Each structure stands twice: as structure tokens, then as C-alpha cells.
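Engineer: For chain E, the structure is supplied; the task is to place chain Z on it using the hints.
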Amino acid sequence: MESLRARDRLLRATRSFFQDRGIVEVETPLLCREVAVEDHIDPISVRSDVNRENSEERFLVTSPELAMKRLLAAGSGPIFQLAHAFRKDEVGRLHNPEFTLLEWYRPGYSLEELMSEVGDLVREVGSVGAGISSGPFHQLTYQEAFLRWLHIDPLTSTVSELSSLGREKDLSVPAGMEEGSVDDWLNLLLVRCIEPELSKLGGVFLTRYPASQAALARVNPVDPRVAERFELYIDGVELANGYHELADASQQRKRFEEANRHRVDRGGAPIPIGEDFLAALDSGLPDCSGVALGFDRLVMKALGQAELSSVISFPFDRA
Amino acid sequence: MGTYSTSEFKKGLKVLLDGEPYLVADYDFRKPGKGQAVYTLRLKNLLRGTILEKSYRSGDKVESADVTETDLQYLYNDAKNWVFMDDETYEQYEVPKEVLDGNDKWLKEETKVTVVLWDGRPITVNPPNHVVLEVTYCEPGAKGNTATNVMKPATLETGAEIHVPIFINIGDKLRVDTRTGDYVERCNK
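Taken in sequence, the protein lines are chains E and Z.
The numbering used here numbers the first residue of the first sequence as 1 and each following residue consecutively.
The numbering used here numbers the first residue of the second sequence as 1 and each following residue consecutively.
Be careful, since some hints might not be right.
As the list claims (entries may be wrong) - Computed cross-link-like contacts, DSS-like style, restricted to lysine-lysine with a CA-CA straight-line distance of at most 30 angstroms:
(1) E:Lys-169 to Z:Lys-54
(2) Z:Lys-10 to Z:Lys-105
(3) Z:Lys-44 to E:Lys-88
(4) Z:Lys-54 to E:Lys-200
It is worth saying that the hints were derived from the structure and are not from the lab.
Values in this document were obtained by computation on a predicted structure and should not be read as measured data.
Excised from the complex, chain E in its bound form (with noise of 0.2 angstroms):
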């Protein structure tokens, strides 16, 4: 009951940090035909009886994030939602298939902008508790990280180079990594190299991924190698995530197909293609920057807990 009364106190902050600066609080369907074509993010799909003689197949949303790009492109101007989002087979310390992701966007931010207000409000809404240092957070690009502490360019590197590193640091590798891509590696490296780095530094930007983990981000126009995205880390947890959004339709649409090529090779189910999503993209989505973070982490990072379920009224396990 406690840590639900702090999640009431970290809500009101989140609420009130955004309306002070004047950012529209929306809801968007969690029920929807349209989700991110994304390599590992499965989505939760569903037959939606719409009434008795019609039934589709609908999907929970996996974050807000393409139908508040529609009301983005539709005029809505800066936005927020605190939303519920569904994500297949995560269930861990750190994922429950079911969680709240805090979403906003930012037309006219550029990345760093956005960073520097999520640096504000993690720092502001997390000082409900007292588990996040109000220290400035470090920035440090996924290259600079990997060359760091693994002495290695994940934007030159070759599979081989990567799992012979991944040998010599005696990683527990799964079977079939051999056959995995540069990014399956980056990815396994990322996890049992980096983190635990980045778990020593407190907050953490982790910037300019590779472009091949662009998702809905740009890619830098000054080093295609690079996409325009961060991740923010708290003590090693990974807490937000965000762009400087792609509003190149026909590009989307390739990242979607290229995705699903990746999905059905690893014997994965394509996913549809959001059409309304890249009409909402063709009609014109302002410059904008968003960020989709962790909520339910910020709350548990705050409190100073270990686990998710210790911040969640009902796991997953008992909902």
C-alpha cells in the first residue's frame, strides 16, 4: 500500500511537470488495428468482436506511439500520455507483459532538447522517493561506450570479431548465436558487458545507436552509421527511450518490411503493416522529438526497489 500511495505522488508530479509547461495530456486506444513493426516486440493480438457477425483481429497496443504520431501529424501539437501498454512474453525483474509507459512529444525539439527535459523530469518526478541521485546525467555514445569497455567499434565490427570477443570475455552464449546478426551480438554484448557498466554511473544517455536499430528514428544526416536516438539509463536499468522521429513515410515503410523479413527468418509472424499510421506520416508529421519511458521503472528506481512487482498493484502473475 505503500509504495502505491508513492506511485500516487510520482503520478501527480508526472501530471503536474507537464502541465506546467503547457504539454496536452491525451488518451489513445489501447485496442487497435495498427502496432510498430519492430524486430523483438511482440505485440499481443486479439479476435475484437465488434459486434455479433463482425470480428478482426486487433492488437493491445504495444506503446501509444504511432497513434500519437496520427494526432501529432494532425495538428495536436506537444503531447503526453501516461498509458498502459502490452508486450508479449516479457515477464522478468524488470518487465511485466502489462505496463505504463509515459509518452511525450516535442515539435520543433531537437534530441538534445528532449534529453535535457527528460534529465528534468526524472529528476524532478523521481525526487518523490529517494532512489534517484538529482545529479546531472552523463551522455555517451554507443560507440564511445563500446570502445570503452570492450575495445571495440560496434559500427566497423564484423559477427566474427564480435563472438570471438564474446568468447574471450567467456560469455555465456546462446546456441545459435553463431548464425545471429552484428546487432544479435551488439544486443548480447549491450546486456552483459555495458550494463553492468553503466550500473556503476548512475543516470546515463546512451546515444547514437546504430542505424540499423533505428526503429522510427532518423538516421543522423551528418553519419548515416548512426541513428538519432538515445536510451536513458538509471543505474544500468534502461528507462526511456527516444528519437528524433522519422517522418519519412517511405522510409518507414521499408524499416516495417525490413522488420517483418527479420521476424518471419527467425520464424516470427509478420506484423500488418500501419497503414493509417504512414498516410498520417505522408500527410506531414512536424520535426519533433519523443521519448516513451519506463514508468513503472521510474517508480521503482525512486522508491529504491529491486523489482517491478514491488511498484505494480497486481503482477502479471496475479492480475
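Structural biologist: Leaving out everything else, chain Z in the frame of chain E:
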């Protein structure tokens, strides 16, 4: 034999690796928001007690081990094999001394134990956490001295040797913690 896929992973599963049964002692799910999930299992070898760490990716499968627990009653031993019986089916199980791993010293006839079976074969015998056993030998008790911090050695009816308070006598019945081998209390009633 069935399999478990990564989405079924949890603590307590029994799995088969390289032909040996393992208990999933700990389960860790790590997944960068946009990246691939990595499942790490801490596995305890149920035959040898050794610990192993293994990682998996979404969709990987692990063979399940037919490991079950059953309550059996201890009957007798012939110094090589300890014989237990299922009270309901009267089925008897012979367990080699090595498998008891020292726990034979807590067993007297009719003691109920929990036995772990792998493919129907006993691989672990867990005695009750507490057993009551009679003292067969110790130095005479010091009358009136009820201090429990001064200890002396004692031999119990099963041959187990433990340390007991100074006031304990031959013939006393003692409650003993089988996990630590510690004296708990005297219970002569």
C-alpha cells in the same frame, strides 16, 4: 519427453541437459527495449549438486526432465541399500547409500521422507526438517544445570552424533534439525 520454450521458463522447472536432470534455481530475463531477449538460467545438477549458467534466446527450447517428488516411508537398510515404501501403492524403492548423501543418519524406521525421483529412480532423499530421536549415549547429565550454551557430544539411536546441552541424559528424546544437525529441544513426552 516434452520441452519448455523460453516463455515457459521459471524457477523450479526440471530440465534435461546433456542427459542429466537440472533444477532451474534462478531465472533472469534481460531485454533491451528494442533488442532481443536473453534468458539466463542458473541450473543445479540434481545428481551432483553442481551449478551451471546457461543463456537462451526467445523461442529456444529445453527438454523437460521427468523429475517428481514423492513421500515415502523408510523401512530398513542392509548397509548398502536403504529401502523405502510408498504408503499408498506399497511400492518399494531401493536407494543406494551414496544417494542419501549423509542423510541416512537421521532415519529410523517409519520416518516419512521426501524422495526426488528422476524417471522413477530416486536421486535425492530429503528427511523431515525436524526429527525426534532418542539419546543412546552421552556423559551423565548435570542435574539442575539447564544452561543451553554449554554443550557435550551425544550419540542418537540412528548413530548420528550431535552436540547437546549439558543437562541431557541417555534415554532423552531430542528434536533435531536435520538441515544443520543442531539440537532443538528435549521432548520426552
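Engineer: All hints are to be evaluated individually against the structure, with a verdict given for each.
Structural biologist: How the hints compare with the structure:
no.	hint	verdict
1	E:Lys-169 to Z:Lys-54	holds (15 angstroms)
2	Z:Lys-10 to Z:Lys-105	violated (34 angstroms)
3	Z:Lys-44 to E:Lys-88	holds (28 angstroms)
4	Z:Lys-54 to E:Lys-200	holds (25 angstroms)
In summary, the structure is inconsistent with hint 2 from the numbered list given earlier, while agreeing with all the others.
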